[in-house]
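**Q** Residue-level listing of the chains:
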Amino acid sequence: MSDSTIPDSAAPEHTGGPAVLLEHVAKRFGDHAAIDDVTLAIPRGRITALLGPSGSGKSTLLRLITGLSRPDAGSVRVLGEELSTLPRGGLLKLRRRMGMLFQDNALFQSLTVVDNVAFPLVRVARVPTAEAKRRALALLEQVGLPGLGERRPDELSGGQRKRVALARALALEPEVVLFDEPTSGLDPQTSAAIDALLRETQRRLGTTFVVITHDIISAAAIADHVGLLVDGKLRAFGSKDEVWSSTDPQVRAFLDRRLPAG
Amino acid sequence: MSGARPARSRVAGALLDAAAAAAFWPRAAGATLRGPPLVDTVLLTLRLVVTSVPVVFAVTFFSGAMLTVQAAASLAPFGGGALAGIAVGFGGIREVFPLLAAASVAARSGAEIASQLATMRVTKQIEALEVMGLDPLRLLVGPRIVAAVVGTPVCVLVGCGAGMLGAQAIGAWQLGLDRGAMWSNLWSGIVAADLVVGALKGLVLGFLLGAVSAREGLVAGAGARGVGSATNRAVIRALVVVSCASLALSSAIYGRLAG
Ligand SMILES: Nc1ncnc2c1ncn2[C@@H]1O[C@H](COP(=O)(O)OP(=O)(O)OP(=O)(O)O)[C@@H](O)[C@H]1O
Ligand SMILES: [Mg+2]
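Chain order of the listed sequences is H and D.
Letter by letter, the first sequence follows residues 1098 to 1359 of the working numbering.
Letter by letter, the second sequence follows residues 52 to 310 of the working numbering.
Same shape as in the complex, but just chain H (with noise of 0.2 Å):
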């Protein structure tokens, strides 16, 4: 993943600590306060759902992670750098150790399903195209979809296109991926084997898995971590143990409602 238009940072690695880590971050959009004073440390080399229902920033956060928007107050920490007082080259390579899933998969609609994981290989990783195709095929081979490669992304049902979008992000092997309502717009039977595909596939790789959702039977199916954004509050954040069995009236409710009763 070398890039020899942006020289290596002389920060060292710090493999010790949190993949991600919020400190009081706020974002605003006009007087509503989309992120309020969320503090969150995201584990290494786990599955973290942050749960939370419609418009309660989950969106916003991942952006915030991403250096997609800049908060308004408070600390983002990505893989051990902070990323407001990161230059805009040292931005650019750290996302290349990050990949993410968009919740429509903003897959590119002119290339075909091959060149769409292949692009990432070729433009950020130079690899030379012919190579970068057979990985891309052996990729959407472990994601499910061998045979698919010369379809264009509108020709594929949207199970299928979630796949391609997994597989683009998983690329360029990064340390962190994000994803953003992996099930949402599915039926049940897609859904679930979409969380099985991520749970196997972060089993295998090792990789932080950060899940964006309000979806509690995903969350519970996949996550070993979760957290609940409620109005832009972090309501609670622990292991899917300590939170399923919260007794906070506000995560109750959100739980007790969306939980299968048993």
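For the record, the hints were derived by calculation from the structure and aren't laboratory data.
Note that this is a predicted model, so its numbers are computed, not measured.
Treat the hints with caution; some may be incorrect.
[Stated by the list, open to error] With the Cβ distance kept under 10 Å, some of the chain D side facing chain H (calculated, not the full set):
| hint | residue |
| --- | --- |
| 1 | Leu84 |
| 2 | Pro88 |
| 3 | Gln167 |
| 4 | Thr170 |
| 5 | Thr174 |
| 6 | Lys175 |
| 7 | Gln176 |
| 8 | Ile177 |
| 9 | Glu181 |
| 10 | Val182 |
| 11 | Met183 |
[As the list claims (entries may be wrong)] Rough simulated footprint, nothing fancy, chain D against chain H, three-plus residues with beta-carbon under 8 Å:
| hint | segment |
| --- | --- |
| 12 | 1191–1198 |
| 13 | 1314–1328 |
A virtual CB, placed ideally from N, CA and C, is assigned to each residue, including glycine.
Given the coordinates of chain H, assemble chain D with the ligands onto it according to the supplied hints.
**A** Below, chain D with the ligands without anything else, positioned relative to chain H:
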């Protein structure tokens, strides 16, 4: 007086937005200097020329004819119908055809630049590039600016030729002017420098229409409506900017000759 305040703040808002739009121009220029991908750049340039030339041809051909009808009618009382060629040659090659050619490119290819980038913005493809650690300006805007800067002068020269053909065609067929005299009158006042100036104008206007269109695409609002209104705004703004710049260039280049 209660209406004055919102009107004033609307004017202020428009000025701020215009300033923000113009602030994008140096960034667009910078994007072309950071090595835009070669294959994309070549393909987009060819596409711009191939798709714009028919529009340019139609618009300038008919304009050349129209100018000729008017010039011949105005000069006829002075017994100089055939002199129409001289007037159309000058005014057309130096001013009208380059401007109309650039305006046609803005309408055809500027709109396409804006709608493509707006679609990519709305479907988060641009954010996807950013999250990969790539620079969307270099990858997407750079090639389109180069295409406009290289392609528009070509279109300007095509427009000059088509305008002259239009003038000649109507002069010969409707006005019954002598064909040989008409054609030589058309070209009599024109020197090679005029075509070079036209091409250079095309270069500047091409950059501006490319930068304006790209910027409107990049800042598109959400959804299909965002794409539609970004495209619409791109064409309107590119036409206004191209017209203003065309006048500015003309008065800088030819204004001195008048005095
Ligand atoms: N660019 C923006 N401008 C203004 N308000 C915004 C913007 N982005 C988000 N918001 C507001 O911030 C709040 C949080 O939005 P966000 O998209 O983060 O929610 P979410 O939890 O991802 O919701 P969903 O589950 O529906 O995707 C919402 O009230 C939203 O209207
Ligand atoms: Mg969201």
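**Q** All the hints need checking, so say for each whether the structure fits it.
**A** Going down the list of hints, with the structure as the test:
1. The interface hint given for leucine 84 of chain D is violated, since its Cβ lies 13 Å from the closest Cβ of chain H, which is over the 10 Å cut-off.
2. Taking 10 Å as the C-beta cut-off, the interface hint given for proline 88 of chain D holds, the closest approach to chain H being about 8 Å.
3. Checking glutamine 167 of chain D against chain H by beta carbon gives a least distance of about 9 Å; that is within 10 Å, so the hint holds.
4. Because the beta carbon of threonine 170 of chain D sits about 8 Å from the nearest beta carbon in chain H, less than 10 Å, this interface hint is met.
5. Annotation: threonine 174 of chain D was flagged as interfacial toward chain H, and the flag holds, the nearest CB pair being 6 Å apart, inside 10 Å.
6. For lysine 175 of chain D, the interface hint holds, the least distance from its beta-carbon to any beta-carbon of chain H being 4 Å, beneath 10 Å.
7. With a cut of 10 Å, the hint placing glutamine 176 of chain D at the interface with chain H holds, because the nearest CB-to-CB distance is about 5 Å.
8. Below 10 Å, beta-carbon pairs count as interface contacts, and isoleucine 177 of chain D has one with chain H at about 9 Å; its hint therefore holds.
9. Proximity of glutamate 181 of chain D to chain H holds as hinted, the smallest CB-CB distance being about 6 Å (cut-off 10 Å).
10. The restraint placing valine 182 of chain D at the interface with chain H holds, with a minimum CB-CB distance near 5 Å, inside the 10 Å limit.
11. Annotation: interface hint on methionine 183 of chain D holds; nearest CB of chain H at approximately 5 Å, less than 10 Å.
12. With 6 residues having a beta carbon nearer than 8 Å to a beta carbon of chain D, the segment 1191–1198 of chain H meets the requirement of three or more and the stated coverage holds.
13. With 0 residues carrying a beta carbon less than 8 Å from a beta carbon of chain D, the segment 1314–1328 of chain H misses the three-residue requirement, and the given coverage is violated.
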